[in-house]
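Engineer: The listed protein sequences derive, respectively, from chains E and Z. Per this note's numbering, residue 3 is the first one in the first sequence, and the count goes up by one each step. Per this note's numbering, residue 157 is the first one in the second sequence, and the count goes up by one each step.
Everything labelled a hint here was simulated from the structure, so no lab data went into it. Ideal Cβ placement from N, Cα and C applies to all residues, glycine included. Don't take each hint at face value.
Straight-line distance between alpha carbons at most 30 Å, and here's what the computed DSSO-like set of lysine-lysine pairs gives [stated by the list, open to error]:
no. : chain 1 : residue 1 : chain 2 : residue 2
1   : E       : LYS369    : E       : LYS274
2   : E       : LYS382    : E       : LYS14
3   : E       : LYS382    : E       : LYS328
4   : E       : LYS222    : E       : LYS14
5   : E       : LYS328    : Z       : LYS167
6   : Z       : LYS158    : E       : LYS212
7   : E       : LYS209    : E       : LYS141
8   : E       : LYS141    : E       : LYS204
9   : Z       : LYS159    : E       : LYS212
10  : E       : LYS141    : E       : LYS212
11  : E       : LYS202    : Z       : LYS167
12  : E       : LYS141    : E       : LYS369
13  : Z       : LYS159    : E       : LYS204
If you want a taste of the chain E side facing chain Z, the calculated C-beta under 7 Å gives, among others [what the hints assert, rightly or not]:
no. : residue
14  : GLY192
15  : GLY240
16  : ILE342
17  : GLU346
18  : THR347
A few chain E positions that, by computed beta-carbon distances, are all more than 12 Å from chain Z [stated by the list, open to error]:
no. : residue
19  : MET3
20  : PRO48
21  : GLU93
22  : GLN138
23  : LYS141
24  : PHE158
25  : THR159
26  : PRO166
27  : PRO233
28  : HIS258
29  : ARG325
30  : GLU357
31  : ALA361
32  : LEU373
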Amino acid sequence: MQILGYRRPDGKVGIRNHILIIPTSVCSSTVASNIASQIPEAIALPNQHGCCQIGTDHEQTVRTLIGFGKNPNVAAVLVVGLGCEGIPIRETAAEIATSGKPVEVVIIQEIGGTLKTEAEGLRKAAELVRQVSHLQPEKVDLSELSLAIECGGSDFTSGLASNPASGIAADLLVAAGGNVMLSETTEFIGAEHVLARRAKSKDVAEKLFKIVHDCEERAKLLNVDIRDGQPTPGNIAGGISSIEEKSLGCIYKAGHAPIQDVLRYGEIPQGKGLYIMDTPGQDIDSITGMLAGGATVVIFTTGRGTPTGSPIAPVIKITANERTFKMMEDNMDLDASPIISGEETIEQAGHRIFEEIIAVANGRRTKAESLGYREFGIYKIGPTY
Amino acid sequence: MKKQAIVINPKDNVATVVDDFPPSTIIHFFVGQSERTVQLLQDIPLGHKFAIQEIKVGEEILKYAESIGLATTLIQPGQHVHVHNMDTQRGRRDK
Numbered sequence: 003m004q005i006l007g008y009r010r011p012d013g014k015v016g017i018r019n020h021i022l023i024i025p026t027s028v029c030s031s032t033v034a035s036n037i038a039s040q041i042p043e044a045i046a047l048p049n050q051h052g053c054c055q056i057g058t059d060h061e062q063t064v065r066t067l068i069g070f071g072k073n074p075n076v077a078a079v080l081v082v083g084l085g086c087e088g089i090p091i092r093e094t095a096a097e098i099a100t101s102g103k104p105v106e107v108v109i110i111q112e113i114g115g116t117l118k119t120e121a122e123g124l125r126k127a128a129e130l131v132r133q134v135s136h137l138q139p140e141k142v143d144l145s146e147l148s149l150a151i152e153c154g155g156s157d158f159t160s161g162l163a164s165n166p167a168s169g170i171a172a173d174l175l176v177a178a179g180g181n182v183m184l185s186e187t188t189e190f191i192g193a194e195h196v197l198a199r200r201a202k203s204k205d206v207a208e209k210l211f212k213i214v215h216d217c218e219e220r221a222k223l224l225n226v227d228i229r230d231g232q233p234t235p236g237n238i239a240g241g242i243s244s245i246e247e248k249s250l251g252c253i254y255k256a257g258h259a260p261i262q263d264v265l266r267y268g269e270i271p272q273g274k275g276l277y278i279m280d281t282p283g284q285d286i287d288s289i290t291g292m293l294a295g296g297a298t299v300v301i302f303t304t305g306r307g308t309p310t311g312s313p314i315a316p317v318i319k320i321t322a323n324e325r326t327f328k329m330m331e332d333n334m335d336l337d338a339s340p341i342i343s344g345e346e347t348i349e350q351a352g353h354r355i356f357e358e359i360i361a362v363a364n365g366r367r368t369k370a371e372s373l374g375y376r377e378f379g380i381y382k383i384g385p386t387y
Numbered sequence: 157m158k159k160q161a162i163v164i165n166p167k168d169n170v171a172t173v174v175d176d177f178p179p180s181t182i183i184h185f186f187v188g189q190s191e192r193t194v195q196l197l198q199d200i201p202l203g204h205k206f207a208i209q210e211i212k213v214g215e216e217i218l219k220y221a222e223s224i225g226l227a228t229t230l231i232q233p234g235q236h237v238h239v240h241n242m243d244t245q246r247g248r249r250d251k
């Protein structure tokens with residue numbers, strides 16, 4: 003099967019053609035968003051980090067910003083730095099530029115204040131628009147698609163219906179040679195042994211057990227209880243009684259394919275098939291990590307309903323809760339509730355999800371895209387110093 | 157008849173209701189291929205679970221054929237199974 007996609011200079015394929023403005027520090031985020039506000043085709047990342055972070059947090063922020071810049075849904079990038087932040091501004095831009103796409107840089111302390119930087123940034127961003135606006139999508143093989151799978155605001159319908167149906171769609175894409183990512187380490191707790199049976203090797207299974215163990219140990223280290231945050235009050239009201247129950251329902255959403263590897267947060271997979279990424283259960287941080295890892299489309303199953311979008315990728319919202327679909331139709335793309343009422347099988351709904359992914363890849367805007375929802379959040383483990 | 161409750165795996169000891177049901181309702185559901193009934197002892201809201209057999213203190217609550225936690229009280233068939241009478245075994249600072 004073929005889809006329409008933008009072939010980037012590094013050979014990767016995107017399904018959108020965004021111009022992305024990346025502030026390397028929270029201190030340059032307003033300048034980045036001011037520039038984007040005057041360039042209709044540009045999107046600025048609302049970065050809240052980038053300075054005074056150490057160790058893994060610093061690495062994750064760098065990896066996420068670079069990953070967003072390299073993501074094939076992005077055609078061109080303007081990096082906006084303050085000048086004194088911990089993130090290396092020019093190195094970040096240079097690493098993004100290894101993908102071959104046009105990348106420009108403006109630095110507030112070097113140019114001399116925000117007003118001059120915004121003027122220079124506008125000039126450069128407008129030039130980027132002219133460089134990439136003529137690009138047209140071409141027919142490419144479906145195997146070029148990279149799918150991230152997320153669930154959030156879960157209730158009983160997630161585990162029973164929308165997640166297993168998404169799993170069917172994931173299996174279809176893996177069978178077609180595509181890429182699928184499953185994340186949310188918190189929501190492997192109590193289900194990791196089920197997932198580990200599908201690991202490609204003993205080494206991959208051990209990595210999976212380790213990320214779950216580390217996740218639990220981090221909570222203990224802080225003397226907190228995951229029960230205080232998971233399941234969420236909404237999950238509990240919706241009938242989910244424990245993190246184990248939530249996890250067992252969650253893992254269905256990635257289907258049945260073998261697990262190729264376990265990726266760090268924001269890491270780009272080196273092959274095709276199903277990958278697991280170590281992210282928190284929090285939806286925005288999780289989706290952000292998978293997009294930094296190169297995902298170009300997201301399916302998002304929900305029970306309670308949520309508006310989540312993304313700055314650079316379409317997010318397809320699916321619910322199998324009939325009341326939620328009716329209450330939040332503005333935000334829900336696909337109604338999988340016929341599974342619950344018995345009018346449709348999980349396989350049939352899975353095929354409908356797959357068809358929706360194809361339609362969105364070919365250009366149909368999701369509800370979150372049409373409404374301009376662009377949530378972004380980089381996972382942060384430790385304190386900022 | 158419209159589906160009332162779902163037992164995901166024949167090993168499970170709880171069923172999930174797909175509508176709101178008042179006490180005394182006789183719920184019909186399938187465990188694998190065989191149809192069974194349980195009379196509810198309490199209100200069971202949409203999406204919540206009830207026991208389909210007696211579950212003793214400390215026994216596993218089974219859904220998806222896996223443990224989702226342990227019973228903290230004796231649970232009778234037809235009773236609501238939720239955070240008030242079962243508890244997670246994972247992600248706890250006391251374990």
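Engineer: Next, verify each hint and record whether it holds.
Structural biologist: Quick rundown of the hints versus the structure:
| no. | hint | in the structure |
| --- | --- | --- |
| 1 | E:LYS369 - E:LYS274 | holds, 28 Å |
| 2 | E:LYS382 - E:LYS14 | holds, 28 Å |
| 3 | E:LYS382 - E:LYS328 | violated, 35 Å |
| 4 | E:LYS222 - E:LYS14 | violated, 41 Å |
| 5 | E:LYS328 - Z:LYS167 | violated, 34 Å |
| 6 | Z:LYS158 - E:LYS212 | violated, 44 Å |
| 7 | E:LYS209 - E:LYS141 | violated, 37 Å |
| 8 | E:LYS141 - E:LYS204 | violated, 38 Å |
| 9 | Z:LYS159 - E:LYS212 | violated, 41 Å |
| 10 | E:LYS141 - E:LYS212 | violated, 41 Å |
| 11 | E:LYS202 - Z:LYS167 | holds, 28 Å |
| 12 | E:LYS141 - E:LYS369 | holds, 24 Å |
| 13 | Z:LYS159 - E:LYS204 | violated, 42 Å |
| 14 | GLY192 | holds, 5 Å |
| 15 | GLY240 | holds, 5 Å |
| 16 | ILE342 | holds, 5 Å |
| 17 | GLU346 | violated, 12 Å |
| 18 | THR347 | violated, 13 Å |
| 19 | MET3 | holds, 32 Å |
| 20 | PRO48 | holds, 30 Å |
| 21 | GLU93 | holds, 38 Å |
| 22 | GLN138 | holds, 46 Å |
| 23 | LYS141 | holds, 41 Å |
| 24 | PHE158 | violated, 3 Å |
| 25 | THR159 | violated, 7 Å |
| 26 | PRO166 | violated, 10 Å |
| 27 | PRO233 | violated, 9 Å |
| 28 | HIS258 | holds, 14 Å |
| 29 | ARG325 | violated, 8 Å |
| 30 | GLU357 | holds, 25 Å |
| 31 | ALA361 | holds, 29 Å |
| 32 | LEU373 | holds, 27 Å |
Hints 3, 4, 5, 6, 7, 8, 9, 10, 13, 17, 18, 24, 25, 26, 27 and 29 from the earlier list are contradicted by this structure; the remaining hints agree with it.
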